[in-house]
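**Student:** We have chain A; now place chains B, C and D onto it with these hints.
4 protein chains.
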Amino acid sequence: MSHTQAAEGLIAAGRRFHTRGWVLGTSGNFSVVTSRDPLRLAITASSVDKGALEPSHILDIDETCAVHGGIGNPSAETLLHFEIVRRRGAGAVLHTHSVWGTVLSDSHGLDRGLAIEGYEMLKGLDGVRTHEHREWVPIVPNDQDMTRLASVVGRILDEHPGAHAILLQRHGIYTWGATLADAVRHIEILEFLLETIGRTRAYRLRGGHDGPAQGS
Amino acid sequence: MSHTQAAEGLIAAGRRFHTRGWVLGTSGNFSVVTSRDPLRLAITASSVDKGALEPSHILDIDETCAVHGGIGNPSAETLLHFEIVRRRGAGAVLHTHSVWGTVLSDSHGLDRGLAIEGYEMLKGLDGVRTHEHREWVPIVPNDQDMTRLASVVGRILDEHPGAHAILLQRHGIYTWGATLADAVRHIEILEFLLETIGRTRAYRLRGGHDGPAQGS
Amino acid sequence: MSHTQAAEGLIAAGRRFHTRGWVLGTSGNFSVVTSRDPLRLAITASSVDKGALEPSHILDIDETCAVHGGIGNPSAETLLHFEIVRRRGAGAVLHTHSVWGTVLSDSHGLDRGLAIEGYEMLKGLDGVRTHEHREWVPIVPNDQDMTRLASVVGRILDEHPGAHAILLQRHGIYTWGATLADAVRHIEILEFLLETIGRTRAYRLRGGHDGPAQGS
Amino acid sequence: MSHTQAAEGLIAAGRRFHTRGWVLGTSGNFSVVTSRDPLRLAITASSVDKGALEPSHILDIDETCAVHGGIGNPSAETLLHFEIVRRRGAGAVLHTHSVWGTVLSDSHGLDRGLAIEGYEMLKGLDGVRTHEHREWVPIVPNDQDMTRLASVVGRILDEHPGAHAILLQRHGIYTWGATLADAVRHIEILEFLLETIGRTRAYRLRGGHDGPAQGS
Chain A
3 MSHTQAAEGL
13 IAAGRRFHTR
23 GWVLGTSGNF
33 SVVTSRDPLR
43 LAITASSVDK
53 GALEPSHILD
63 IDETCAVHGG
73 IGNPSAETLL
83 HFEIVRRRGA
93 GAVLHTHSVW
103 GTVLSDSHGL
113 DRGLAIEGYE
123 MLKGLDGVRT
133 HEHREWVPIV
143 PNDQDMTRLA
153 SVVGRILDEH
163 PGAHAILLQR
173 HGIYTWGATL
183 ADAVRHIEIL
193 EFLLETIGRT
203 RAYRLRGGHD
213 GPAQGS
Chain B
3 MSHTQAAEGL
13 IAAGRRFHTR
23 GWVLGTSGNF
33 SVVTSRDPLR
43 LAITASSVDK
53 GALEPSHILD
63 IDETCAVHGG
73 IGNPSAETLL
83 HFEIVRRRGA
93 GAVLHTHSVW
103 GTVLSDSHGL
113 DRGLAIEGYE
123 MLKGLDGVRT
133 HEHREWVPIV
143 PNDQDMTRLA
153 SVVGRILDEH
163 PGAHAILLQR
173 HGIYTWGATL
183 ADAVRHIEIL
193 EFLLETIGRT
203 RAYRLRGGHD
213 GPAQGS
Chain C
3 MSHTQAAEGL
13 IAAGRRFHTR
23 GWVLGTSGNF
33 SVVTSRDPLR
43 LAITASSVDK
53 GALEPSHILD
63 IDETCAVHGG
73 IGNPSAETLL
83 HFEIVRRRGA
93 GAVLHTHSVW
103 GTVLSDSHGL
113 DRGLAIEGYE
123 MLKGLDGVRT
133 HEHREWVPIV
143 PNDQDMTRLA
153 SVVGRILDEH
163 PGAHAILLQR
173 HGIYTWGATL
183 ADAVRHIEIL
193 EFLLETIGRT
203 RAYRLRGGHD
213 GPAQGS
Chain D
3 MSHTQAAEGL
13 IAAGRRFHTR
23 GWVLGTSGNF
33 SVVTSRDPLR
43 LAITASSVDK
53 GALEPSHILD
63 IDETCAVHGG
73 IGNPSAETLL
83 HFEIVRRRGA
93 GAVLHTHSVW
103 GTVLSDSHGL
113 DRGLAIEGYE
123 MLKGLDGVRT
133 HEHREWVPIV
143 PNDQDMTRLA
153 SVVGRILDEH
163 PGAHAILLQR
173 HGIYTWGATL
183 ADAVRHIEIL
193 EFLLETIGRT
203 RAYRLRGGHD
213 GPAQGS
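Chains as they are written, first to last, in the numbering used here: chain A, 3 to 218; chain B, 3 to 218; chain C, 3 to 218; chain D, 3 to 218.
Just chain A, same shape as in the assembly:
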């Protein structure tokens, strides 16, 4: 995929996610692999409004983070994109920062992860064939030292080879896919599931049908 095509796709994804409130402020960041060897990413510049991205906000960077096109600087979180691209062979990495992702990554942080099991929507994740799938979403403590955080994320990715996503505590979700369309689909599915788990617990506070709560 050319950098220009990748940029168009990322701009559209930004509008879509901003409308839903998943990348408010200047939160979130997105990338697409435009070349594998040597590695090149189209990635959103730091501190830009993801709901109003322009082509110049999409940087063309190499694996040293040198900027070959676009205006601005790569986010410090670019290191996480590299970890995911390398360890998962991903073609696109998306990070959103929703209310429910923040609530659940916070409330389940001590468990180091959140189990999502038994939902039909899980079948939209790459390689999942049945709703009986159990997805473990690891939760990583937030850290401003991005080198250290990238190292932790790398280790977690290796420890959970089947995971489709990682939550950063009180920070939001990272997911990825072979293509940008796959990664966009994963975001929608995971945000849906996080909201569903969040509302299920509130619903079940009362009444007699309270099996074990999801996600705990």
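Please keep in mind that the hints were generated in silico from the structure rather than gathered at the bench.
Mixed in with the good hints, there may be bad ones.
Which copy is meant is left open, because identical chains are indistinguishable; a pair holds if it fits in one copy or across any two.
Derived pair list, reagent style EDC-like, types lysine to aspartate or glutamate, alpha-carbon separation capped at 16 Å [claimed, not checked]:
| hint | residue 1 | residue 2 |
| --- | --- | --- |
| 1 | Lys125 | Asp184 |
| 2 | Lys125 | Asp145 |
| 3 | Lys125 | Asp51 |
| 4 | Lys125 | Asp147 |
**Tutor:** Same frame as chain A, but now just chains B, C and D:
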């Protein structure tokens, strides 16, 4: 209705439902009967984004699931569309997959259904003349064996001849209508009622006005 | 205001409210007084989608409900519009049917009303000058006998001369204004306040800052 | 920034916030400093719909509140804008009036403020470099005497020199920035955080992972 007209209507319905978050990922599927004898359906292809449907995503299929137009494959859930079309004489079948539909189909699954009673909004369902109507929405356990699931759905449709919809557990709602407009109206009404029941329970957790909760 | 101008305004209001989920299905109905003597209303036809109103869906009716323009029939609830127009001298009447309006009209139905007090947003209601205002929103039991319901609504309007709105139980809100813009503003304010009261109660279930809950 | 440019920015901000339900009715008000010495503000006129602002709704006022352009009157809350502009050197001041801002300003009013701590989203506030930041949002009792309220707000701004925002009880939030874009970003961040705190408490009502609730 011609296949082309049916496709236009399904594309518009997909945009409408995606905006509300009722068909995230590639969830949901929709059909319109374009011929009754021999039976022909315009139906969404499997694994497409319902918020960005294009005419080629709407398949023209016959009752053997052979594809006569459009690109892609029919979803395995096509069997459920056939059951509903045949047993209810429906002209359109819509399946959405909302957060509240998932929460309630899960939390009330052991009851095998959910009662909705006393709401003015019920009068928007075909043939309902008073808010005093009691709608029983059967809940069917989810199943990846679509032949078996279609058989269960068929039996449930016969056992509940007055039902306007069926919930699949942790999967979402199916409803139908004589026309696509009727089915779209049913989706909006049922999604509204599921959300209303969900929020009513949370609201009533406290305070002195707690009659028996709806839906339990 | 001419019928054509009134119709344009009602079409825009319908789109606005449908987007927010306040008139799903074919719920809700809206009117504007186009002549006072003799009385003529521009009013939405029964059973139309308020999010996709066309000029022909806006009927031109007289005080006997005879239709002088537009296609379709007046809703049975037209009688409530007449009661409000006559007793309040309103220039526009709007009825929405939101989730929170349904939840609160249901949960507070036994109280026959809901108090809203102490909110700055109240100052947007006609004639209210301070947030210390106490608005009593009467709740009327729902009834399919519209002649009887109109009579009850008329009596309630007289008993509560300061009320800016009425809730029908499990059915939604009616409000009005001197102009359509005033009535649209009242809908937004009242829907906001109902949602705020609903969420306040859920929020206060825990913790030590629980003064008396609003609305009870 | 010219008055015309400021007006365009405020119109766009109004549409954005109205879509999210943060300035329903005629709530909210916005300003941009167009000249520092002598002080001139572009500010929304009182009692206009912030979702449908037109250039004439943006007043050009001086520090005596005299109107040099636009149609209508400055809101009584203009005094708060002046306090913030003078004490913080702000280039733009925005006031939204959301459901969650109202709920939390009400429920935490007795504490005179709300602590927000440990969220990555805090890093979007001017000058904040780590999620470990603790933001104290002062809550000021609402008051219809705007001279008195402006005086209290001025004192609170001085007592909390690091604060990025103030909540008026049951009334909504004021924030500001060096530029309009900064203030818009602050609104999105703060509204996100208020909603997150609100939903976290409801989520944590049940289950074993209940550390101390945020915001209390």
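**Student:** Decide, hint by hint, whether the structure agrees.
**Tutor:** Each hint tested on the structure:
no. : hint              : verdict
1   : Lys125 <-> Asp184 : within (13 Å within a copy, 29 Å between copies)
2   : Lys125 <-> Asp145 : between (32 Å within a copy, 12 Å between copies)
3   : Lys125 <-> Asp51  : between (32 Å within a copy, 14 Å between copies)
4   : Lys125 <-> Asp147 : between (35 Å within a copy, 14 Å between copies)
Checked against the numbered hints above, the structure violates none of them.
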